[in-house]
Structure formats: structure tokens, C-alpha cells
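Start from the sequences and build out the full structure, keeping to the hints where you can.
There are 2 protein chains.
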Amino acid sequence: MLDWEKIYATRTKRMGASEIRELLKLLEQPDIISFAGGIPDPALFPSEDFQEAYNDILSGPEAGQALQYSVSEGYPRLREWIVQRMRARGINADIGNIFITSGSQQGLDYLGKLLLSPGDTALVTWPTYLGALQAFNAYEPRYDKLDLSRNASPEDYAAAARDAGSRVKFAYLSADFANPSGESLTPMEREKLLDIAEALDIAVIEDAAYRALRYDGERQKTLLTMDCERNGGIENTRTLYCGSFSKTLSPGLRVGWICAATPVIKRLVLAKQAADLHSPTINQMAIARVAEKSFNEQAEKITRVYGSRRDAMLDALAKHMPAGVHWHKPEGGMFIWLTMPEHIDSAALLALSLKTAKVAFVPGNAFYADGSGGNHMRLSFSCSSPEVIEEGIGRLGALLAEQLAAAA
Amino acid sequence: MLDWEKIYATRTKRMGASEIRELLKLLEQPDIISFAGGIPDPALFPSEDFQEAYNDILSGPEAGQALQYSVSEGYPRLREWIVQRMRARGINADIGNIFITSGSQQGLDYLGKLLLSPGDTALVTWPTYLGALQAFNAYEPRYDKLDLSRNASPEDYAAAARDAGSRVKFAYLSADFANPSGESLTPMEREKLLDIAEALDIAVIEDAAYRALRYDGERQKTLLTMDCERNGGIENTRTLYCGSFSKTLSPGLRVGWICAATPVIKRLVLAKQAADLHSPTINQMAIARVAEKSFNEQAEKITRVYGSRRDAMLDALAKHMPAGVHWHKPEGGMFIWLTMPEHIDSAALLALSLKTAKVAFVPGNAFYADGSGGNHMRLSFSCSSPEVIEEGIGRLGALLAEQLAAAA
Chain A
1 MLDWEKIYAT RTKRMGASEI RELLKLLEQP DIISFAGGIP DPALFPSEDF QEAYNDILSG
61 PEAGQALQYS VSEGYPRLRE WIVQRMRARG INADIGNIFI TSGSQQGLDY LGKLLLSPGD
121 TALVTWPTYL GALQAFNAYE PRYDKLDLSR NASPEDYAAA ARDAGSRVKF AYLSADFANP
181 SGESLTPMER EKLLDIAEAL DIAVIEDAAY RALRYDGERQ KTLLTMDCER NGGIENTRTL
241 YCGSFSKTLS PGLRVGWICA ATPVIKRLVL AKQAADLHSP TINQMAIARV AEKSFNEQAE
301 KITRVYGSRR DAMLDALAKH MPAGVHWHKP EGGMFIWLTM PEHIDSAALL ALSLKTAKVA
361 FVPGNAFYAD GSGGNHMRLS FSCSSPEVIE EGIGRLGALL AEQLAAAA
Chain B
1 MLDWEKIYAT RTKRMGASEI RELLKLLEQP DIISFAGGIP DPALFPSEDF QEAYNDILSG
61 PEAGQALQYS VSEGYPRLRE WIVQRMRARG INADIGNIFI TSGSQQGLDY LGKLLLSPGD
121 TALVTWPTYL GALQAFNAYE PRYDKLDLSR NASPEDYAAA ARDAGSRVKF AYLSADFANP
181 SGESLTPMER EKLLDIAEAL DIAVIEDAAY RALRYDGERQ KTLLTMDCER NGGIENTRTL
241 YCGSFSKTLS PGLRVGWICA ATPVIKRLVL AKQAADLHSP TINQMAIARV AEKSFNEQAE
301 KITRVYGSRR DAMLDALAKH MPAGVHWHKP EGGMFIWLTM PEHIDSAALL ALSLKTAKVA
361 FVPGNAFYAD GSGGNHMRLS FSCSSPEVIE EGIGRLGALL AEQLAAAA
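Quick mapping for you: the protein sequence lines, in order, are chains A and B.
For the first sequence, the UniProt record's numbering assigns the number 1 to the initial residue and increments by one for each residue that follows.
For the second sequence, the UniProt record's numbering assigns the number 1 to the initial residue and increments by one for each residue that follows.
Among the clues, some could well be false.
[To be verified] Which bits of chain B does chain A cover? Going by a derived footprint, with three or more residues having C-beta under 8 Å, they are:
id, region
1, 4-14
2, 66-74
3, 103-115
4, 129-137
5, 197-209
6, 251-257
[As the list claims (entries may be wrong)] Simulated coverage check for chain B against chain A, where a stretch passes if three residues somewhere in it have a Cβ under 8 Å from a Cβ of chain A:
id, region
7, 51-59
8, 276-290
These are calculated hints, taken from the structure and not from any lab test.
Yeah, the Cβ is synthetic: ideal placement off N, Cα and C, and Gly gets one too.
Written as C-alpha cells, this is what we have:
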């Protein structure tokens, strides 16, 4: 019998199960109130529009094309729709700047594959999106902490990498309503990030998965928009914009995109030819039809619902959380990020909470490249009604109050 | 402006455009007869069954699940159908042995990711499937030639790798109607391959993409079946079986699977979580429904049609090819592999053929890990009627006769 551990590649050493996804499996007990999964509410999916779209495709002249092999770049009509959307943001994109991925997660995987040799440095925020760390880990990078609130100079980042015998390849972040922090970069922080990237001559991976989910505050320019403005158009940019239909239309169809300068798009096409040939054509066709028909109404509907759930969670937190627990109001997205006193271990708290309070969340350390951040937790408000949010946060607040009182 | 070449990972150096896919772009001129693309005939897709399936899914109780995030392993009902199919081959698989991929191409990519560290050796046949070389290339292996017709001992393979400072990780091949050679392993060659793999303690990647397309001759046991028989069941096997619905139901939906021992499946699930979360649920649901309803009839229909096209091509070759050109009769699949005199360069011949004879094929060297094999060509009969085949092979035979006469 073959000892598989003996023949696995070294890169598999950091392949770990997603704590979030493992959690999701446990959460099927009906009496748990879950603020854990960062997923859209399926009640809001435009199911009828999709039914009409698949029908239309499979009864029409594109039926053969829908079921046949296709080009790796993606379905032109969908790429055209995305072009218009990117142009509305001041990005002079053309169809050659758009590459369809199987969700923005695949975009992150391919960008890791394209850019990271083992030992290269990726700059990520502390905390950052867990799925990005998992995607990049397969290419064996090291991570340094990207912190736009401190006055680190580009040379500080370069020196840290150099000291480790490495060099920085890119900075990854979500500029709008980041997972898990819910925070957005200020215009000044955006400029600073591009300054740093230009000084280091590295790429910027802009994860825009939550971009469409703004509930209040002012719309900010995307990093790619600012990069275009600075450098006279998309062909001179260093920003790799990862978009997704998962939060707006449907995650199950796995359709996202990368918008970037054409040399990068061409390389990504080669990567995709080798990795899975192309994303399923029929789903790209369906997304194109539904987006053309009702993207704006759909976006309005979900921002209205999620916005009210965010407000309900903010209200409940203000009412039920004991002193010593802190959070910011996110202007969009799906998450509120709680900071508890240093001595709280939120993984242990979760185990306790699942038993007693019957409330689930994601422990903060899952989102730190170095495993720190244990005194944070991520709460998602996207899938719960205001009533359930009030009940769940009430129970969680009581549990936390007990814990803090016991430690005092 | 960022010099992208400067920041690409070393692994991208071997990312080349697929000659086949680049060719496909050129072949849209209507006056070319193409035997180049190895794709199914879209006229044979069960489009109505798919239309019914998508309708059924999106109007039924699974609509929300179809559009939502899902588990990385794949849709249970589809995995159960595959389990029954694998059991019919004498493989004691359970649902935990089945992992859904976005086409078998993604299976090859993930297995490369799982097993290959840079410099590791993969044993492949000369020629082999171009897409496998492209998938593995991203993980920077070296290749040695697997030749089951010579009397190489396991130690010969081990020594060749050792001399290059490497070690063998797996042997990759297609046991039935291989792309591009059309050939199948004899039972004795299958045993020999497993002997070698056991002696080297390596994995075997069995690419079964064409397995369902047998037109005559006797059905052979899959390598995984034989491995189960030798070792008392699937949990003790070293064979990683890559299956696909692309040649039978639809390639555009991108649904394939890996059947293997559970430790490997568990690692693949982690790889997929990090790379694209899961294959689109709705397509897995549609494939499951269509497979349950009409897989056997569909398989019968396409083998009848492709079988008659193979016969037409064999007849035309016998009639039109000049002396000095050789081929074998494939018992299934989509390809006939032509061997021409040594001095013929089939890439140059293709350029000439596209201009004069207006017939397309794939030059042989695309399928060799070392770029040799220039005196071969791959002809696909899957998408042409017997009349077109007769016409195209007639023109190609005349061109080849001219070339051979000119060189004589």
C-alpha cells in the first residue's frame, strides 16, 4: 500500500481544511443560530430569472455552444457586460481586459500560481480573507503585514522581505467592506497603497467581492480606477481586479472575473487552458442574461435587505454586548468584526457557545496569516432576520458578559 | 509601468498556448475540413434532456441549493450515480471515493498540484495527451518516457530519475483509446504497468476520458479495477482514476471526477476548497439527472455514430494514403494516429495543407514531452460525416503523395 504522505508535494503541507467550511458542516443542527457562514441568503436569489435564462439558452440557437467546449477567456457577451460595468467606474477596459474565472476564488488561485514562487512575499492585511491565504498557500509564499495606518515606508516592506531572503510580489486586499473586518480603505489609504506598490514595483490584487453591497456612506473609487487615473489607462496599471457575481446573483454558478492589463490576461488564459480549459459556458450565458435583465434591481433588493440586517445587528450589539467589546459600523458587506479583551480565546469561546448559547461565529485567528487574532470574532448578518439577530446577539452578549465577569 | 515578466513565478516559464486550441481559432474559415479538434459532435448532445433537467432543478425544491455555495466534494446524487458505475467495473467504491472536478482536465491539474514538487519525475508515454503535459508543467516536473513495449525494469526508471537528481512520483496514461495515439493497453501491459508502479512505489494516474467510446474489440479492465483486485479493495490502491462526462453528455458543463482511495480524496477536497471552492452545483445536478435518465442510450447513440466515422476514415486512409504512411485501427475514442516517413515535418505540412489542401490536423510533436514526434499527425473523426472524411482524407493523401514523391 502506497504511503501517500511520502509522495505528496511539499506545497501540500499547508493545505488545511477551511475552519469556516468545517464549521458549516457542524452547523446543520437546527437549534443553532449561526452568524458564521459568509454566504448570501438563498431566499434572495433571482431563481425565476435563472430558470428563464437556462430555458432560453437551451431552446435557442446557442444550445450547442452552451454544451460544447469553449475558449478559455470566457463568453464574449458576459465579458461585454462586465466591460460596461468597469467603464462606469472610470476604467477604460476593453473585452481583452476581462477574463472569466470560476468565482473570484479561482481568480486568487490563478494569481497565486502566476506570481508566487516558493518563498516569495505577499503583503496581506492582519486580518485578511481566509480563502485568499488558502489559495496562495499552495504556492508556498511567506506573508508580511500590510498596515496602511502606520507610517511604514516602501523600503520597510522591501527590507523585511530582503531580510528573509525573499522579495515582495504583490499586496492583496479588499478595499471595500473587507472579509472579515467589514472595513473599507479611505481615499488616502488607497493612494498610499498605490504609492507603496509603485515604489516596490509590485502588483496589487484588489478583491472586490463585496463591492456591490454598500448600505450607506460614499462610494469610493476602486484601486484599479485610481491606478488608471495615475497611469493613463488600464494597460499601464499594476492592479489586478477580482470581481464576482457570487454575492449579487448566485455563488453556486461559480462565475467571477479578473480585470487587468492585457499581458496579464493573456497569461491567465494560458493558466486556465492548462487547469480546467474554461468555466462552464452555460453558466456564463445564464449570468449574462440575468445581469442584463435585472442586475440593478437585484443589487437594490439585496442591499435593502442586508442593510436592514446590518442595522439590526448593530442595534443588538449596542444593547447586549458588555463593556470591553468593540466594533466598527461597516458601510457594506456581510460582516461585523468584534474585538474582545486580549485574554479571550475566541476558538474556546466558540466551542462553549455552541454548547450553551447555541450561537455560532468564526474565531478571529482563522483570518491571520500568523494565527494570531484570537480575541476577535467575525459575525455575519446576511442570512438572519432581525428577530433572529436580536435573539442570537442577546445570547452571545450574555455569554460574553459571564466570561468577562468570571475573568475579572 | 510594471514589467510583468519580472514578477511572474518561475513556474510560468513553461506555460505555452495549446497548439490545438490556437489552431481551433484559425479553423473558423468555412472552407477548411478540420480533423484537428478532439471535440464531440454538438449535434449529438442530449440538449432536450438538459433543458428538462435545468427546468426541473430551478422549479423544484433544489432551486436554492442549485444557486448557493456548496461542499467541495461534489453533489451527492451525482457521486452516487458514479459509485454505481465504478462498482459495475468491479471497483468497491463508496461515495467517499468520488470527488467531482470541473472536467477531467481539472483532475489532472489538481493531481499535479498534489503530487509534484519542482524537479520531480512524471512517467508519460511518448506521445501523450497534450493537456496533461500542460497541466503538470505548472508544477515544474521533468518527464521520462514510459514504454511498456520495451523490457525496462522498474530499476531502470528509478535510475534515470536518480541520475537527474529526481524521483518518480507517478505514471500517467490513458489505458483505453488514448489521445492522440488511439491505442489501448493489452491486459499484459496493464499488469506490467501496475508491477512497475508497485516496485517504484508511485501513483498511477489513469485518464479514462475516452473509456465509454468503444466501437469493437473486447472491453478491458480499468487499471483501477485490476489494482483493486491485486490489493483487496480500493483503499489499498495507488491508481487515481480520472473520469469525465465531456465525451458522453457535454463538455461545456465541465463535469468530471476522480475515483481513488479516501486519503487522496480528502487532500483533493482541501485543494479544491482553496482553488475554486466547488464545481458549479447546478451543472452537477443537471448531469446527474441526464445520466440517470439516458446515459446508456446516449452512449449507444454516440458510439454508433463515431464508430461509423472511424470506419469511414479507416476506409479513406486505406484508399488514399501513399506507401510509407502507417496507422493502427483504434477500437474506440476519437483519433487515428498517422506515422509518416522520418523526414516529414508535420508542422510544416500543416501550414502547407491549410493553404493548399484546406485540411487541418494536429502535428505530432505537440504530444511529445521532448517536442519530438514531428513525423506523426493526429486525425480526429468525431465531427465529420463519412462524405467529408472521404473528401478530406482524399485531399490530404494527395498532398502527402506529392510531398513523398518530391523527396524521393
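Going through the hints against the structure:
1. 4-14: This one holds; 8 residues, not fewer than the three required, reach chain A with a Cβ under 8 Å.
2. 66-74: It holds: at least three residues are needed, and the region 66-74 of chain B offers 7 whose Cβ sits within less than 8 Å of chain A.
3. 103-115: Coverage by chain A holds for the region 103-115 of chain B (7 residues, Cβ < 8 Å).
4. 129-137: It holds: at least three residues are needed, and the region 129-137 of chain B offers 4 whose Cβ sits within less than 8 Å of chain A.
5. 197-209: holds (count 3)
6. 251-257: Held - the region 251-257 of chain B has 4 residues with a Cβ nearer than 8 Å to chain A, which meets the minimum of three.
7. 51-59: holds (count 5)
8. 276-290: holds (count 8)
The structure fails none of the hints (numbered hints given earlier).
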